[in-house]
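J.: Residues per chain, in single letters:
Number of protein chains: 2
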Amino acid sequence: MIAQKYKQMLGAKSVIRELAEYAAVRGAEIGYENVFDYSLGNPSVPAPEGFKEAMVRLLSECDPMKLHGYSPSLGIQSVKEKVAASLNKRFGMNYTAGHIFMTAGAAGAIAHAVRCVTVPGDEVLTFAPFFPEYHPYIDLSGAELKVVPADTQGFQINFEKLEEMLTDKVAALLINTPNNPSGVVYTKETLEKLAALLRRKSEEFGHTIYLISDEPYREILFDGAEIVYVSCLYEHTISCYSYSKSLSIPGERIGYVAVNPACEEADSIVSMCGQISRGIGHNCPSSIIQLAAAEVVDETADLSVYERNRNILYKELTDLGFSCVKPGGTFYIFPKALEEDANLFCQKAKNYDLILVPGDSFGCPGYFRMAYCIDTEKVERSIPALRRFVETEYGKR
Amino acid sequence: MIAQKYKQMLGAKSVIRELAEYAAVRGAEIGYENVFDYSLGNPSVPAPEGFKEAMVRLLSECDPMKLHGYSPSLGIQSVKEKVAASLNKRFGMNYTAGHIFMTAGAAGAIAHAVRCVTVPGDEVLTFAPFFPEYHPYIDLSGAELKVVPADTQGFQINFEKLEEMLTDKVAALLINTPNNPSGVVYTKETLEKLAALLRRKSEEFGHTIYLISDEPYREILFDGAEIVYVSCLYEHTISCYSYSKSLSIPGERIGYVAVNPACEEADSIVSMCGQISRGIGHNCPSSIIQLAAAEVVDETADLSVYERNRNILYKELTDLGFSCVKPGGTFYIFPKALEEDANLFCQKAKNYDLILVPGDSFGCPGYFRMAYCIDTEKVERSIPALRRFVETEYGKR
Chain V
1 MIAQKYKQML
11 GAKSVIRELA
21 EYAAVRGAEI
31 GYENVFDYSL
41 GNPSVPAPEG
51 FKEAMVRLLS
61 ECDPMKLHGY
71 SPSLGIQSVK
81 EKVAASLNKR
91 FGMNYTAGHI
101 FMTAGAAGAI
111 AHAVRCVTVP
121 GDEVLTFAPF
131 FPEYHPYIDL
141 SGAELKVVPA
151 DTQGFQINFE
161 KLEEMLTDKV
171 AALLINTPNN
181 PSGVVYTKET
191 LEKLAALLRR
201 KSEEFGHTIY
211 LISDEPYREI
221 LFDGAEIVYV
231 SCLYEHTISC
241 YSYSKSLSIP
251 GERIGYVAVN
261 PACEEADSIV
271 SMCGQISRGI
281 GHNCPSSIIQ
291 LAAAEVVDET
301 ADLSVYERNR
311 NILYKELTDL
321 GFSCVKPGGT
331 FYIFPKALEE
341 DANLFCQKAK
351 NYDLILVPGD
361 SFGCPGYFRM
371 AYCIDTEKVE
381 RSIPALRRFV
391 ETEYGKR
Chain A
1001 MIAQKYKQML
1011 GAKSVIRELA
1021 EYAAVRGAEI
1031 GYENVFDYSL
1041 GNPSVPAPEG
1051 FKEAMVRLLS
1061 ECDPMKLHGY
1071 SPSLGIQSVK
1081 EKVAASLNKR
1091 FGMNYTAGHI
1101 FMTAGAAGAI
1111 AHAVRCVTVP
1121 GDEVLTFAPF
1131 FPEYHPYIDL
1141 SGAELKVVPA
1151 DTQGFQINFE
1161 KLEEMLTDKV
1171 AALLINTPNN
1181 PSGVVYTKET
1191 LEKLAALLRR
1201 KSEEFGHTIY
1211 LISDEPYREI
1221 LFDGAEIVYV
1231 SCLYEHTISC
1241 YSYSKSLSIP
1251 GERIGYVAVN
1261 PACEEADSIV
1271 SMCGQISRGI
1281 GHNCPSSIIQ
1291 LAAAEVVDET
1301 ADLSVYERNR
1311 NILYKELTDL
1321 GFSCVKPGGT
1331 FYIFPKALEE
1341 DANLFCQKAK
1351 NYDLILVPGD
1361 SFGCPGYFRM
1371 AYCIDTEKVE
1381 RSIPALRRFV
1391 ETEYGKR
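Residue numbers (the working numbering), protein chains in the order written: chain V, 1 to 397; chain A, 1001 to 1397.
Fair warning: there could be bad hints in the mix.
Chain A residues, not near chain V, derived (Cβ > 12 Å throughout) [as the list claims (entries may be wrong)]: (1) K1146; (2) P1149; (3) L1221; (4) E1226.
Computed footprint of chain A on chain V, listed as stretches where at least three residues anywhere in the stretch have a Cβ under 8 Å from a Cβ of chain A [stated by the list, open to error]: (5) 57 to 69; (6) 106 to 113.
A partial selection of chain A residues facing chain V, derived with a Cβ cut-off under 7 Å [stated by the list, open to error]: (7) M1055; (8) G1069; (9) A1107; (10) A1111; (11) V1119.
Everything labelled a hint here was simulated from the structure, so no lab data went into it. Note that this is a predicted model, so its numbers are computed, not measured. Where a beta carbon is used, it is the ideal one built from N, C-alpha and C, also for glycine.
Between the sequences and the hints, there should be enough to build the whole structure, so can you do that?
T.: Below is the structure:
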């Protein structure tokens, strides 16, 4: 008989997807260029030319049987060597190819990591505001996702609440910095404090608490900030990366798990990922995509548009009286709504063709997310609509 | 703490992989051209030129943001329409795009299908000899794989044993025709008898028994045989396809689930696949690979080499006195070993640089598999080694 567990999930549509669909329908009516669609986190800049060139070169120069042949069950060795070398060079790590497992984006990476370091019934803690897809990633593995309430002052970590929730049942923490939806980057101080707490609690409980670090926005940093590589600060870290945002290739489903060599059971985790992959029928990401991504491992798309958009929106929103933490990266901003119910707020915004996502599904009611991975020209054109919306619905401020 | 379930799997290496690794090591010693490596089912003919052309065209003509952008969570509509249209035209089916779910090859398709139609504890029956990866696909879903003993007369279905094992606990059957490792194609009579039995038992038990049909070798048929499309004969069929063998692109991880529109819960199954995919972090196959495969949906690589190789090997093996069912498709042959323990038999064959896989891991001890997806020239050169092996170890026959 049909598996009710999955059938019951069908009712619950993603709020983000619903808003994106509304934007498409509205776009068909008035022209999509007139819909200020801040709903989806789909990169708005093309992949670097080097990615396309690598694809074409592979197709024209390689023996098709080798190029399109089965990759080894733990991934293509040369690809993993390039990934490890790049991380070592950039962040002073000491990965070998044996610490890297290629995945279908960060989603695949998290799904593998969580299955490696939890058993059904274990708890995984994450921090509001958080990416709502963490629920299926964790829940369907058999572990239980628990959400630490937000530090709404700065969207760093609410350590008081974390300490309360960090019990013996917690097998792993799942963090996301730079953060979707807040755009906030955890400071080195936050991460060091977190590492110290995890070491203390691991000792107290007599088992290692793993840190699963979801890093798809790692390279999208503003104001010339340097990347703080999480795994440098806590040895029991499994980094989950995606090329979706840095290379603007989200549909190609490519990323990796990088296991800190000093991590407990480091030598088993990548091999275990291979076994997990067999069970979920995923095996490896596409061979040619693995090979092409490895060719441009140190490149990114031109990500500067996101900082320009952040500057425009942050200034405008604060000028309009929004309470808003300044994003240090990503292409998201997460201001406080102008009324308690962010759902109502976002509903009203639709009348001005502003598509905003209420914070509820990110575990942070009362806030809303704008995904500003759109053309700067459109951001600029959205400003009068934003002003009209605020002034009409909430009065001059 | 680390998940012991997956860690414990690390010890059990695949016999096929071990033999392939031995062949590579031996190849480094004496030249790989001198190792008669019949271990791996890796296609030995290049992808059709049309696949490469489609890839290059997509890369040069499409907007990279659309080409490499997120595909919808249930797959790219135009791709699914092309797949449905092709199946409808070729097999007289009535699929819509809504009955198709794009997957990471047949492995991904089976992993999704089994999660749709079983709950943990349910039984899934398959038939010896069978592809050993069925164990992780099924076992790690929570269902239990049970193996119906082989019909060693013709490697069709042992209906007597099947009836004994087909209890109320069975949620689905998993079949594979043309078959890995036997090369045998189920006859229309076999499939009709199976369908009748499943209908009778479904009624008796008061629940539908699903048929999961694993079809990666569907197009590799010999002697001008026509494809018997399983789903035409039993409505509750979920077809699991891979382009790995027909297009010779196993590393690109592309295939699909096709749900018979008359199947119970047909309208839910594809959407459920989307939910399952979220949970295993797989989401969709690579966008460009989906689009390129759809461009050549009715093409295949030049598969004629496999029939030539079958002809040479079948004649030689029967001449040498092997008992052997004649393969009707695939690139496998599965003769009876010349001694009871096929492991010993294959061990001795290594002394003649013949890499043969014992049947034990296929659920059929006493037999061995040869994967003849290698150049015909090499098959021909292997014949003297085969003769020498048989005559030296087992005497003139």
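J.: Taking the numbered hints from earlier one at a time, note which ones the structure violates and give those numbers from smallest to largest.
T.: none
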